[in-house]
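Colleague: Below are the chains, spelled out letter by letter.
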Amino acid sequence: MNEEKKRKTKVLTKEAEGIQHLFARESASELSVVGQPLGRTDDLKKVTGKLAYGADYPQEGFLHGKILRSPFPHARIKSVKIEKALQLEGVAAVLTAKDVPGRNGFGAVIPDQPVICGDKVRFVGDGVALVAAQTEETAHQALSLIEVEYEPLPAIFDPREAIQPGAPLIHEKGNLLLHNKLRKGDVQKGFAEADVILERVYKVPFIEHGYIEPDITMAIPGDGALLVEGPMQAPFTVRRNVAAVLGIPISRVQVKSIPMGGGFGGKEDAPIDIGCRAAVLAARTGRPVRMALEREEVTLQTAKRHPHIMEIRIGAKRDGTLTALEGTIYNEQGAYASLGPLTPPAGGVNIHSLVMLPGPYEIPHCKVDAYLCYTNHPYGGAMRGFGAPQVCFAHESVIDELARELGINPIEIRRKNAFRLGSVTATGQVLDQSVGLRDTLEECARVFGWDRRYQRAGYIDKERTHRRGVGIGMGWYRTSFGTSGDGCGANVYVHEDGSVLLYTGITEMGQGSFTVLPQICAEELGVAIEDIRLVQPDTDRVPESGPTVGSRSTVLMGNAIIQAVQPIKKSILEMASTLLSIPVERLHAKNRLIYDRDHPEKAVPFRDVAAKCMASGKRLIGQGWWTPPPVSLDPETGQGNPYFVYSFSTQMAEVIVDVQTGEVNVTDYVAAFDIGKAVNPKTVEGQIEGGVAMGLGYALMEEIILKDGWIQNLNLQDFLIPTMADVPNIKPIILEVENKYGPYGAKGVGEMPNIPAAPAIVNAIAHACGGRVRSLPADPEKVYWAIQEAGGLPVPK
Amino acid sequence: MRGLPSETRLDMNDLGLTFHLNGEEVSVAVKPGTLLADLLRNVLGLKGTKVGCREGECGACTVLVDGEPVNSCLLPAMKVAGRSVTTIEGLQRGEELDLIQQAFMDEGAIQCGFCTPGMVLTTKALLDRNPDPDERQIREGLSGVLCRCTGYQKIVNAVQKASLARRSSV
Chain A
6 MNEEKKRKTK VLTKEAEGIQ HLFARESASE LSVVGQPLGR TDDLKKVTGK LAYGADYPQE
66 GFLHGKILRS PFPHARIKSV KIEKALQLEG VAAVLTAKDV PGRNGFGAVI PDQPVICGDK
126 VRFVGDGVAL VAAQTEETAH QALSLIEVEY EPLPAIFDPR EAIQPGAPLI HEKGNLLLHN
186 KLRKGDVQKG FAEADVILER VYKVPFIEHG YIEPDITMAI PGDGALLVEG PMQAPFTVRR
246 NVAAVLGIPI SRVQVKSIPM GGGFGGKEDA PIDIGCRAAV LAARTGRPVR MALEREEVTL
306 QTAKRHPHIM EIRIGAKRDG TLTALEGTIY NEQGAYASLG PLTPPAGGVN IHSLVMLPGP
366 YEIPHCKVDA YLCYTNHPYG GAMRGFGAPQ VCFAHESVID ELARELGINP IEIRRKNAFR
426 LGSVTATGQV LDQSVGLRDT LEECARVFGW DRRYQRAGYI DKERTHRRGV GIGMGWYRTS
486 FGTSGDGCGA NVYVHEDGSV LLYTGITEMG QGSFTVLPQI CAEELGVAIE DIRLVQPDTD
546 RVPESGPTVG SRSTVLMGNA IIQAVQPIKK SILEMASTLL SIPVERLHAK NRLIYDRDHP
606 EKAVPFRDVA AKCMASGKRL IGQGWWTPPP VSLDPETGQG NPYFVYSFST QMAEVIVDVQ
666 TGEVNVTDYV AAFDIGKAVN PKTVEGQIEG GVAMGLGYAL MEEIILKDGW IQNLNLQDFL
726 IPTMADVPNI KPIILEVENK YGPYGAKGVG EMPNIPAAPA IVNAIAHACG GRVRSLPADP
786 EKVYWAIQEA GGLPVPK
Chain B
66 MRGLPSETRL DMNDLGLTFH LNGEEVSVAV KPGTLLADLL RNVLGLKGTK VGCREGECGA
126 CTVLVDGEPV NSCLLPAMKV AGRSVTTIEG LQRGEELDLI QQAFMDEGAI QCGFCTPGMV
186 LTTKALLDRN PDPDERQIRE GLSGVLCRCT GYQKIVNAVQ KASLARRSSV
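Residue numbers (this note's numbering), protein chains in the order written: chain A, 6 to 802; chain B, 66 to 235.
Source of the hints: derived by calculation from the structure; they are not laboratory data. Since this is a predicted model, take the numbers as computed values, not measurements.
If you want a taste of the chain B side facing chain A, the calculated C-beta under 7 Å gives, among others:
1) C118
2) I175
3) Q176
4) C180
5) S208
6) R213
Within a straight-line C-alpha distance of at most 25 Å, the following computed BS3-like cross-link-like pairs (lysine-lysine) qualify:
7) A:K50 <-> A:K261
8) A:K745 <-> A:K595
9) A:K575 <-> A:K607
10) B:K226 <-> A:K55
11) B:K226 <-> A:K50
12) A:K595 <-> A:K623
13) B:K226 <-> A:K687
Glycine included, every Cβ here is placed at the ideal spot set by N, Cα and C.
Work out the full structure: start from the sequences and follow the hints.
Modeller: Structure, rendered in structure tokens:
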């Protein structure tokens with residue numbers, strides 16, 4: 006392969022000075038498993054087609070479950086007649102609202118979505134009845150035989166209208182679900198000090214996760230517990246919802262996460278929905294029930310990315326120093342609460358958007374209001390970035406517009422204001438460790454060639470049909486989700502032959518957790534990764550560990566694993582010390598050996614030591630439980646330390662715009678990250694490349710189109726996600742500015758990549774052709790009209 | 066009506082279908098209207114071919130019919146009568162992986178794995194037709210298989226590596 010084409014992955018490691026590491030460990034150069042770009046543990050099964058996903062599981066003996074959905078965005082249910090459906094041969098059950106045995110409500114935070122709607126429906130796709138039948142075909146037929154009489158109600162589709170007095174109520178308690186506030190300093194004073202003030206409005210739409218595997222779940226009644234299994238990111242959330250819906254104790258529900266064909270946050274929500282519904286059918290019939298969604302059903306009923314309308318007012322001095330930022334976010338929740346509302350002190354999409362809107366910049370005076378509004382649309386839930394991609398589009402666009410207004414290079418305005426170690430955020434948090442933002446900016450600029458490319462913007466052909474431009478996006482993102490109950494638990498068992506069982510509640514959706522977590526376990530024990538078998542996440546076998554979201558897995562579960570290994574390691578080292586007659590302090594465990602640091606030839610194999618421990622009753626089991634440092638956020642002022650550490654990224658894009666059609670081609674892309682420590686650099690690159698591609702889709706082509714509450718583009722023919730031909734070569738740069746709370750200094754990386762990508766591209770479009778698009782996606786039509794609005798094309802020299 | 070129930074009872078409406086599947090001749094009774102993806106998965110038990118959208122957009126269901134990539138979710142099973150079909154299961158020789166499969170693993174081109182069978186087979190069709198494609202040809206050749214996880218970068222690298230390996234091993 007051409008050497009020039011190979012990406013440069015530069016690893017810059019900074020040891021934080023004077024920081025007491027959480028767990029005593031080797032310096033980076035002594036690690037043998039962590040930090041290695043190992044192949045994934047499940048690759049072989051995937052590449053041979055042997056890995057079983059949910060739809061591949063045996064179906065014999067299962068009933069097939071289906072949902073009858075509302076055709077109205079807002080309506081009262083007057084009657085539901087199921088007799089004809091019940092009479093169809095092969096139908097085992099037809100259930101309505103009264104048949105839900107426990108709580109008729111589910112939800113990740115607030116259980117406000119009916120398992121089966123009884124009195125009213127709130128969006129097209131709301132569930133009105135459930136059917137279980139011998140075949141999918143029969144279940145479909147049964148759905149068509151259920152007669153429902155609706156009384157349509159006035160529907161609300163705009164979040165700003167929804168919170169006006171007199172708007173039709175979607176939920177009894179009102180359409181304003183939450184109003185979060187951030188108040189830092191005095192924005193009036195800040196604006197008074199500004200030489201320039203800009204006011205802009207940015208909008209982003211509903212989009213779909215677009216995981217290639219549609220949702221599916223299986224609910225199986227059993228002795229002592231009902232089992233729910235399927236592809237899912239949040240087995241514990243599913244478990245507590247199923248228990249409440251069935252009206253049984255949590256200990257009588259067992260939930261297993263099975264191989265997932267992608268998640269991106271969507272498989273945090275959807276499995277709660279179909280899990281509860283399949284469970285109700287299974288409990289009622291006493292039979293196993295399989296509920297599989299077709300692609301159109303996934304789009305119709307499952308959670309999406311929250312649309313935001315963001316009004317921003319920003320003030321700066323002539324030299325680009327920011328003085329004040331005022332923002333209002335109308336956050337469209339849709340019909341049900343999902344992950345929008347607050348889990349104190351700083352969990353939930355709305356509060357996260359609030360905190361992140363000012364961007365990774367030092368701004369002395371900030372005022373933000375974020376309104377979370379119900380509408381009669383499908384609902385927003387968790388999607389990669391959780392509010393950050395939305396607000397990053399706003400802050401990176403407006404700072405670019407400000408740069409243009411001031412006549413300053415976009416890189417300079419960011420150099421003027423970007424966070425550094427010791428900076429104070431908009432919530433008043435002092436960033437006292439692990440702030441590699443400026444390193445990402447400089448390194449990205451160097452590798453991308455920002456200065457050179459910035460100068461050469463303009464027409465690329467003498468026919469004057471295509472123009473080239475470049476753009477920057479900068480962002481930051483938390484590790485984990487800022488709630489008080491945040492924690493992860495792991496179990497580790499070592500056996501007499503040196504083989505290891507690892508139990509975690511963290512799931513694998515392609516991000517690489519099933520490789521990275523065993524890497525950490527292997528490093529800690531001093532064994533090879535092949536010696537570790539990670540057991541499929543099962544709520545019966547591990548402590549409640551929260552969902553696999555929020556870029557939290559490597560840090561929280563990694564630390565829990567390190568903790569779990571400590572008592573095992575103590576036994577191993579003490580036994581080895583006895584066997585070798587060498588004090589414990591001189592011993593080191595690596596590559597399946599325990600050896601004297603100073604005389605490595607004095608060694609004993611790990612498995613021999615393990616066997617001796619087992620034979621003499623020395624403990625080889627461990628359980629870890631790790632919770633992050635306490636977080637805080639004042640509910641009135643939004644001041645506090647909402648999240649305990651942040652990752653940072655700068656991304657740069659070059660685009661070519663066809664000025665006759667508005668079509669945009671992204672031709673070059675460099676993305677730099679400070680993620681503390683890359684436990685597996687190859688999987689980190691995978692997250693970077695995938696996240697950037699997702700951001701490219703958000704920038705240029707993705708949009709759930711709604712008309713009168715109906716989704717117009719239910720399948721992939723009309724909801725466009727990037728193909729291989731749409732995405733350029735992406736060059737990832739990994740920088741490591743250690744996090745004192747992270748395993749080996751690591752911070753989260755899963756979501757950071759797709760956050761600054763959309764604004765980097767939209768900024769590049771503006772640089773190329775002067776057209777500023779302020780609502781995503783920047784599809785050809787919008788780009789074309791933006792060029793016209795900017796006064797047409799610049800006259801060439 | 067979508068797909069077919071997993072239990073298949075022979076009745077007089079069933080059609081007889083004979084074709085070559087992964088190098089072996091197969092004869093099977095098929096209900097009229099059965100799509101190839103469902104025949105492979107539910108009747109013949111080959112679950113490596115995935116179903117993602119059922120409208121020929123995502124490419125997860127790609128199999129090779131006479132060497133050409135086809136969306137098996139759209140193709141009536143009867144259309145493969147007398148023809149040769151290759152699924153992901155047919156690529157390896159015993160324990161030995163195809164060079165393309167090995168390249169995908171070596172380059173880290175697999176994340177959730179759901180698009181992988183479709184990607185690997187489409188790669189084979191591309192390289193069988195064009196043994197040394199440039200990057201543009203790779204990206205366009207594989208644009209019919211969607212991946213949401215990888216951003217495609219390492220898949221491109223894997224195809225380049227496989228192309229080199231195949232040309233070197235002749």
